[in-house]
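These protein sequence lines map, in sequence, to chains A and B.
Residue numbers for the first sequence, in this note's numbering: 613 to 730.
Residue numbers for the second sequence, in this note's numbering: 64 to 176.
Hints are computed from structural coordinates only; laboratory data are not their basis.
One or more of the hints may lead you astray.
Computed far set for chain A versus chain B, every beta-carbon distance over 12 Å [stated by the list, open to error]:
#1 632
#2 651
#3 658
#4 669
#5 675
#6 680
#7 685
#8 686
#9 688
#10 693
#11 698
#12 705
One side of the interface only, derived from the structure: several residues of chain A facing chain B at Cβ under 8 Å [what the hints assert, rightly or not]:
#13 631
#14 655
#15 656
#16 657
#17 659
#18 676
#19 716
#20 717
#21 720
#22 722
#23 723
#24 727
Once the Cα atoms are required to be at most 27 Å apart in a straight line, the calculated DSS-like pairs of lysine-lysine come out as [stated by the list, open to error]:
#25 A:685 <-> B:99
#26 B:103 <-> A:690
#27 B:104 <-> A:690
#28 A:685 <-> B:107
#29 A:690 <-> B:107
Computed from a prediction, not measured in an experiment: that's the story for all the values here.
Backbone N, C-alpha and C define an ideal beta-carbon position, used for all residues, glycine too.
The residues making up each chain are set out below.
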Amino acid sequence: AQTVTQSQPEMSVQEAETVTLSCTYDTSESDYYLFWYKQPPSRQMILVIRQEAYKQQNATENRFSVNFQKAAKSFSLKISDSQLGDAAMYFCAYRSAFMNTGFQKLVFGTGTRLLVSP
Amino acid sequence: DTAVSQTPKYLVTQMGNDKSIKCEQNLGHDTMYWYKQDSKKFLKIMFSYNNKELIINETVPNRFSPKSPDKAHLNLHINSLELGDSAVYFCASSQDSAYNEQFFGPGTRLTVL
Numbered sequence: 613a614q615t616v617t618q619s620q621p622e623m624s625v626q627e628a629e630t631v632t633l634s635c636t637y638d639t640s641e642s643d644y645y646l647f648w649y650k651q652p653p654s655r656q657m658i659l660v661i662r663q664e665a666y667k668q669q670n671a672t673e674n675r676f677s678v679n680f681q682k683a684a685k686s687f688s689l690k691i692s693d694s695q696l697g698d699a700a701m702y703f704c705a706y707r708s709a710f711m712n713t714g715f716q717k718l719v720f721g722t723g724t725r726l727l728v729s730p
Numbered sequence: 064d065t066a067v068s069q070t071p072k073y074l075v076t077q078m079g080n081d082k083s084i085k086c087e088q089n090l091g092h093d094t095m096y097w098y099k100q101d102s103k104k105f106l107k108i109m110f111s112y113n114n115k116e117l118i119i120n121e122t123v124p125n126r127f128s129p130k131s132p133d134k135a136h137l138n139l140h141i142n143s144l145e146l147g148d149s150a151v152y153f154c155a156s157s158q159d160s161a162y163n164e165q166f167f168g169p170g171t172r173l174t175v176l
């Protein structure tokens with residue numbers, strides 16, 4: 613079974629600074645997808661960024677980028693120019709690409725709470 | 064327009080009661096899910112339905128019974144509620160592909176007293 617680990621329960625950053633959230637995962641599969649979801653106090657789960665394991669190029673979405681290290685099974689999220697609105701819980705998630713191993717489900721990490729100070 | 068909606072958003076009830084949470088998506092997706100988020104914010108899959116058929120049942124007690132009357136709806140019925148059932152329950156939907164984003168509903172906070 614796949615597992616996802618987020619070792620930082622909480623991180624702090626000042627506005628306009630850069631912060632990196634860590635995520636490692638364990639799988640024996642060669643093809644899969646990785647996601648970062650944001651959960652603000654409103655509770656809504658919002659997709660921030662996704663990465664396909666077969667793509668070597670790191671995904672980027674505006675101020676959000678990932679550092680995907682497939683061999684190390686590491687998938688960190690970098691937030692540049694942090695804004696107050698980035699304050700939230702961030703969840704790393706894994707999804708298998710194969711139907712027979714339950715590709716329909718997301719396996720989540722335990723989350724990292726990001727605090728942003730002015 | 065709300066993509067994935069859940070009712071109710073909050074539910075407070077007594078132990079032993081039976082309750083239902085409803086979920087509807089207007090995205091035309093063919094796969095729907097129920098996730099549970101516990102008090103420590105840990106999110107875990109409970110069920111997955113594809114075209115009204117159960118695909119995933121992650122060792123959830125049989126007091127929990129999902130029902131999908133059609134592709135756009137996935138309801139969750141819980142019998143004999145226990146204190147440990149207190150959590151936030153999220154419904155989600157997606158097109159049936161590993162790449163596709165799962166869209167989440169706003170969650171239902173269930174409190175069992």
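Okay, the hints, checked on the actual structure:
1. 632: holds, 20 Å
2. 651: Contrary to the label, residue 651 (chain A) does not stay out of reach of chain B, its closest Cβ about 8 Å off (not over 12 Å).
3. 658: violated, 8 Å
4. 669: The assertion about residue 669 (chain A) holds, with a minimum of 15 Å to chain B.
5. 675: holds, 19 Å
6. 680: holds, 15 Å
7. 685: Label holds. Min Cβ-Cβ 18 Å, cutoff 12 Å.
8. 686: holds, 20 Å
9. 688: holds, 19 Å
10. 693: Label holds. Min Cβ-Cβ 24 Å, cutoff 12 Å.
11. 698: holds, 17 Å
12. 705: violated, 8 Å
13. 631: Result: violated, 19 Å to nearest chain B Cβ.
14. 655: holds, 5 Å
15. 656: Since chain B brings a Cβ to about 6 Å from residue 656 (chain A), closer than 8 Å, the hint holds.
16. 657: holds, 4 Å
17. 659: This hint holds: residue 659 (chain A) lies near chain B, its Cβ roughly 5 Å from the closest one there, short of 8 Å.
18. 676: Violated: closest Cβ of chain B sits about 15 Å from residue 676 (chain A), beyond 8 Å.
19. 716: Check passed: Cβ of residue 716 (chain A) comes within 4 Å of chain B, closer than 8 Å.
20. 717: holds, 4 Å
21. 720: With a closest approach of 4 Å, the residue 720 (chain A) hint holds.
22. 722: holds, 6 Å
23. 723: Hint on residue 723 (chain A): holds, closest Cβ of chain B at ~5 Å, below 8 Å.
24. 727: violated, 15 Å
25. A:685 <-> B:99: holds, 26 Å
26. B:103 <-> A:690: holds, 24 Å
27. B:104 <-> A:690: holds, 22 Å
28. A:685 <-> B:107: holds, 21 Å
29. A:690 <-> B:107: At roughly 25 Å apart (the allowed maximum being 27 Å), residue 107 (chain B) and residue 690 (chain A) satisfy the hint.
Hints 2, 3, 12, 13, 18, 24, counting from the list given before, are not met by this structure.
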